[in-house]
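Residue numbers (UniProt numbering), protein chains in the order written: chain S, 1 to 426; chain A, 1 to 942.
These aren't lab readings, by the way, just hints derived from the structure by calculation.
Honestly, I wouldn't trust all of these hints.
[What the hints assert, rightly or not] PhoX-like cross-link-like pairs, simulated, lysine-lysine; straight-line CA separation at most 20 Å:
hint : chain 1 : residue 1 : chain 2 : residue 2
1    : A       : Lys-75    : A       : Lys-93
2    : S       : Lys-363   : S       : Lys-285
3    : A       : Lys-75    : S       : Lys-21
4    : A       : Lys-421   : S       : Lys-374
5    : S       : Lys-345   : A       : Lys-376
6    : S       : Lys-374   : A       : Lys-555
7    : A       : Lys-200   : A       : Lys-188
8    : S       : Lys-421   : A       : Lys-376
9    : S       : Lys-211   : S       : Lys-408
10   : A       : Lys-421   : S       : Lys-345
11   : S       : Lys-21    : A       : Lys-77
12   : S       : Lys-18    : A       : Lys-421
13   : S       : Lys-21    : A       : Lys-188
14   : A       : Lys-93    : S       : Lys-135
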Amino acid sequence: MIHSLFLVNSSGDIFLEKHWKSVVSRSVCDYFFEAQERASEPENVPPVIPTPHHYLISVLRHRIYFVAVIQSEVPPLFVIEFLHRVVDTFQDYFGVCTEAAIKDNVVVVYELLEEMLDNGFPLATESNILKELIKPPTILRTVVNTITGSTNVGEQLPTGQLSVVPWRRTGVKYTNNEAYFDVVEEIDAIIDKSGSTITAEIQGVIDACVKLTGMPDLTLSFMNPRLLDDVSFHPCVRFKRWEAERILSFIPPDGNFRLLSYHVSSQNLHPLRSTSLVAIPVYVKHNITFREGSSQGRFELTLGPKQTMGKGVEAVLVNSQLPRGVLNTNLNPSQGTYTFDPVTKLLTWDVGKINPQKLPSLKGSMSLQAGASKPDENPTINIQFKIQQSALSGLKVNRLDMYGEKYKPFKGIKYMTKAGKFQVRT
Amino acid sequence: MLSMSTNNSSYNDQGGADSAVEIGQETTPTSNSGAGFGLFSTDFKKNDDLKEMLENNKESLKLEAMKRIVGLIAKGKNASELFPAVVKNVASKNIELKKLVYVYLVRYAEEQQDLALLSISTFQRALKDPNQLIRASALRVLSSIRVPIIIPIMMLAIKEAASDMSPYVRKTSAHAIQKLYSLDPDQKEHLIEVIEKLLKDKSTLVAGSVVMAFEEVCPERIDLIHKNYRKLCNLLVDVEEWGQVVIISMLTRYARTQFTSPWREDGVFDENSERAFYESDEEKTRDDTEIKPYTMDPDHRLLLRNTKPLLQSRNTAVVMSVAQLYWHLAPRNEVSIVTKSLVRLLRSHREVQYIVLQNIATMSIQRKGMFEPYMKSFYVRSTDATHIKSLKLEILTNLANEANISTILREFQTYVKSQDKQFAAGTIQAIGRCATNISEVTDTCLNGLVLLLSNRDETVVAESVVVIKKLLQAQPSQHSDIIKHMAKLLDNITVSMARASILWLIGEYCERVPKIAPDVLRKMAKSFTSEEDIVKLQTVNLAAKLYLTNSKQTKLLTQYILNLGKYDQNYDIRDRTRFIRQLIVPNEKSGALSKYARRILLAPKPAPVLESAYKDRDRYQLGTLSHTINTKASGYLELSDWPAVAPDQSVRNVEVIEPVKEWAPSLGKTGKSKPAKSSDDKFYSDSGEEEEDEKGSGTSSSNDGSSSSSAGLSLCLCVPPPGPVCVSGPAFVPEKSHNLLHRMTGKGLAAQYQFTRQPCLYQPNMVSVQISLTNTSDHRLEQIHIGERSPAGLKIHCFNTIGESHCFSTLDDTKEDQFSVSIQPAVGDLFLAVTMTEQDFRKEQGKLQGMNECSATITVTAENTSSQPLNRRVAAMANVGVVPSGQDNVHRFAGKTACSGAVLLVTVELRESSAAVITINTEKSVMGSMLLRDLKKSLAQA
């Protein structure tokens, strides 16, 4: 399976290598560097690169390439999924997954990689199990270890490794028992020139932070479970129960985890209509024109709320890749700040909150390269925003119950809507 | 906290105290020092320093040194000369130090084989350690050291570990199999034996790893799977996610060799009827069977059913592998259930999208209908990476049909204007493909493409020309306008491919544009020398064709061009020129061929077929690396075709009763999944189990009215995993049985139960209870089964319904009776006896002090003061094993709770004047105190 792993930073240096079978020379990465050079953008490096004797499968996260070396047939998604799991684990352990963090904790990284794979096959990837084997580094623990000579490495096989609930360790204790659930929905949409929706879908997740003593057994029920017909679960969720009763019943992992992710497309909401009826929470009025023969272009953009269920639209951020011919812009935002990078041609407008009484707008002119012909494409506008306390699909949690333990936990549920890939074509 | 400074003198200056404080935060001095010599000397000195630290007595210094060495390894620096110093620490007590030494060993052992042998004895010792984690990691390292001399030792260790108590160690041994195999393929036969043994393993932990080993070592030994097939199918949901992927792909291969094709032979799949089909699955299959004698093997169905819930997995690799399983194994009308899950994966990371889109591209060629409702999910966003964009384009083109083409073309229009010109060019090709595939829109597309010819961007225009050329070739009849338009373009276009295409078009249809063609040739003759090779070739072609059709105007031009070509630098062009000259200019040497020149050059040419690049990718199994790179990767296992006749199905029958999996998972997990699952399992557990039951009930049925028939059944109470100590057989089996159901209350049915103290057949952590049922009534009792099992936290593996417990008369009155009964085990029966040494006993006892200890002083009766009767008394009370004791007056017993494997230690110390102190150490303090009470009573009574 996975033979070796190389971590490559954005400047093309290998800063960490790990081998699970015999050592593979790092010169194998030359094929990767070649592909990297050929790609115009970092994201364009192909994830699978065949070389004469090996296959390189890489993922790009946090501007680090994780390059796995494979020698024989293996499902590529297997490797990709594992590499992402490695990144998630690093993030979990060190807070951030940067080159500096990895270099600072190189011993822990090595110990983790050693535990996660045996002979290239995943051994322990569940964060709860890993944390029992190798304790995450904290300042306090480092100090204690240097004084007492104790180590970060567990001596016993983690209980989860053998148990049928591998995601939860035994003997969890908290003084404050609490369970928080965040329903976060992201809306992906493409809006066309005239403002009509080409495609819109909602990608939702329920992230949980559960700090409960013992072995609690939770059930979560929804007011409108019919919305969820395309879901994927954390392994703790009992699938049969969901199928039969549409209730989420599970023994939660300890700490933070993603309980469920779901997908609401226009199809599931209205199977009979082809046009999407996912509510679009903002609208954009735009007027971006370039005139032939003139070195000036007009730029006007106005944002407004629409179908927000009475909640305010916050943290609005607009960015747009202007055509290459644009030299500079001279714009005037009615609120917020805007920047334009003349090198990358990226326009960013940090709007903040939308006030329905006074709609934010950005107006002004663009100066174009003299003599160049007018760009034939108008830029696409990407919008980010947040709406607190509301889930766009209308999903609502009905109740959360706990069985198996005596105490009374503190429960909390939060809703939020965010823009995912929200694009407006102009 | 100090961090290591970068210059090398500080390394030498540092006292031990300082370095103990740092925490592996060293920076690289070497990378800064630049020059080769400096680099070498720094390394050299630093290693000296490390060697000193390793030889120091202080643990902390050693650890520090190891951390720095691991840092070196991570950077790919050579630290091999430290091997002797490092290997000494392999037996260290400090677990972190030990682990780091392991890391080092595995990295360098191959290079320093002789020295590596020094460490072997340590691992051999660790393989016997009571701690399963230590056993497992010793095996891991031992098998990772690639030193051929130790192959026999590895083999032995693997065999031993394969029958280890701990599933974790067994899992490690499955991994070790692959390592040994890659080191020495000659061991194959022996390894297959171990694989065969491990395949029988019932632990979900082992399943994935052993199948992995199977795939690597002996994928051709499909016969090893037969007996385990049903078990693997049933375990699948509970196997860890990585194992699921491996097992599913193996089972896909297996199923293709064992079952007959569920696809209808005519091969034509009526997409419209798909939905109706799906709803009335049952009826339809029945209809089918009337026409054709195809019925799906129940095992085939079992696999499909048990993999379906995994489509909901959060692991994208699992979802993909289920999708490919359905694609390759499911009846055509069921494949579409994977669509939604695949589309969901598109929200995942870029790399995941890439692989999933590739697979969808292959699928969508054969089965448009599967993805058509999700067409909009494949719309391109400006932020997508280029390879994602082109894959989406590919899929959209595959999905295009008469109904949706207008939507797709409208979408394509936006893409053509994209700033990413490579993508725009791809879109034009896609439009071309739509135009050839759907005749209704050919003209629309052509017009659109012609409009693009006036685009400002060169690549767009060039691509359009190439595509238009292909389209015109398909239907050249009425398009002389377009050809004229393109001839005009020739002045401005610089992209060679486009110029060549225009020239070819004019040459091919020169009779339609008789006025323009010679003029174009004239222009080309002028610029011939400065053209690209491909354009020159087409110019020569154009000249030849014009010479044949219109020699009056073009004779001289042609001669001129042929002369230029004759002296060209490129030999292809020289060759072509020579060939054309011989062909078209008649002279004495040219033979009969020139007579046919016109028919050769101006033959009607078949239109090119615009096909998807994914057209023939379906020869590879979906989801594989080979599919992604479109060439056979090493180690790719071909998916065989369906056999015409199914091989013997009975090979999969299993005689022994498999532990029915539904009871194994977590406390609650089962509770709810029970009803559905058990019906799933029916397939395979039924046959075996019934036999057993029948045996019990059939034994006694005598004729007289009040006769009894008794059924011996075993019922298990369950709870979680086994501990590290060895379970031994019971020292004593009490014969006393307890009443479960009195015959009066039970309306004739009496039940008695007894604790057999035998290890449970179904699960090591269950306690077996034997229930004897007696029919004291005069009518027959049917369908005796255990009903609702309510108590929370208690799991019962119960027997299946007993067919009938009959007696003489056959009164046909159906009446249902339910009795609530309860089994109350004495606390002593919930333990399992274990053997351990006195030393271990003391060690365990040391761990269980304070809260975990309870003791009492009692007066024992005289006969209990000698060891024999005392041992018997204790063993009767509780299922514990006797621990050999050095002292005469101290008796020790050890056991563990069946459920959690918590150790229970009993010490009876006899004092003067028949006083005795009973001490019980266990972390289950409630059980401890209950047992203490029972023991007090038992030992005090005569």
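Here is how each hint holds up against the structure:
{"no.": "1", "hint": "A:Lys-75 / A:Lys-93", "verdict": "27 Å, violated"}
{"no.": "2", "hint": "S:Lys-363 / S:Lys-285", "verdict": "11 Å, holds"}
{"no.": "3", "hint": "A:Lys-75 / S:Lys-21", "verdict": "17 Å, holds"}
{"no.": "4", "hint": "A:Lys-421 / S:Lys-374", "verdict": "16 Å, holds"}
{"no.": "5", "hint": "S:Lys-345 / A:Lys-376", "verdict": "29 Å, violated"}
{"no.": "6", "hint": "S:Lys-374 / A:Lys-555", "verdict": "45 Å, violated"}
{"no.": "7", "hint": "A:Lys-200 / A:Lys-188", "verdict": "19 Å, holds"}
{"no.": "8", "hint": "S:Lys-421 / A:Lys-376", "verdict": "14 Å, holds"}
{"no.": "9", "hint": "S:Lys-211 / S:Lys-408", "verdict": "12 Å, holds"}
{"no.": "10", "hint": "A:Lys-421 / S:Lys-345", "verdict": "17 Å, holds"}
{"no.": "11", "hint": "S:Lys-21 / A:Lys-77", "verdict": "17 Å, holds"}
{"no.": "12", "hint": "S:Lys-18 / A:Lys-421", "verdict": "39 Å, violated"}
{"no.": "13", "hint": "S:Lys-21 / A:Lys-188", "verdict": "19 Å, holds"}
{"no.": "14", "hint": "A:Lys-93 / S:Lys-135", "verdict": "19 Å, holds"}
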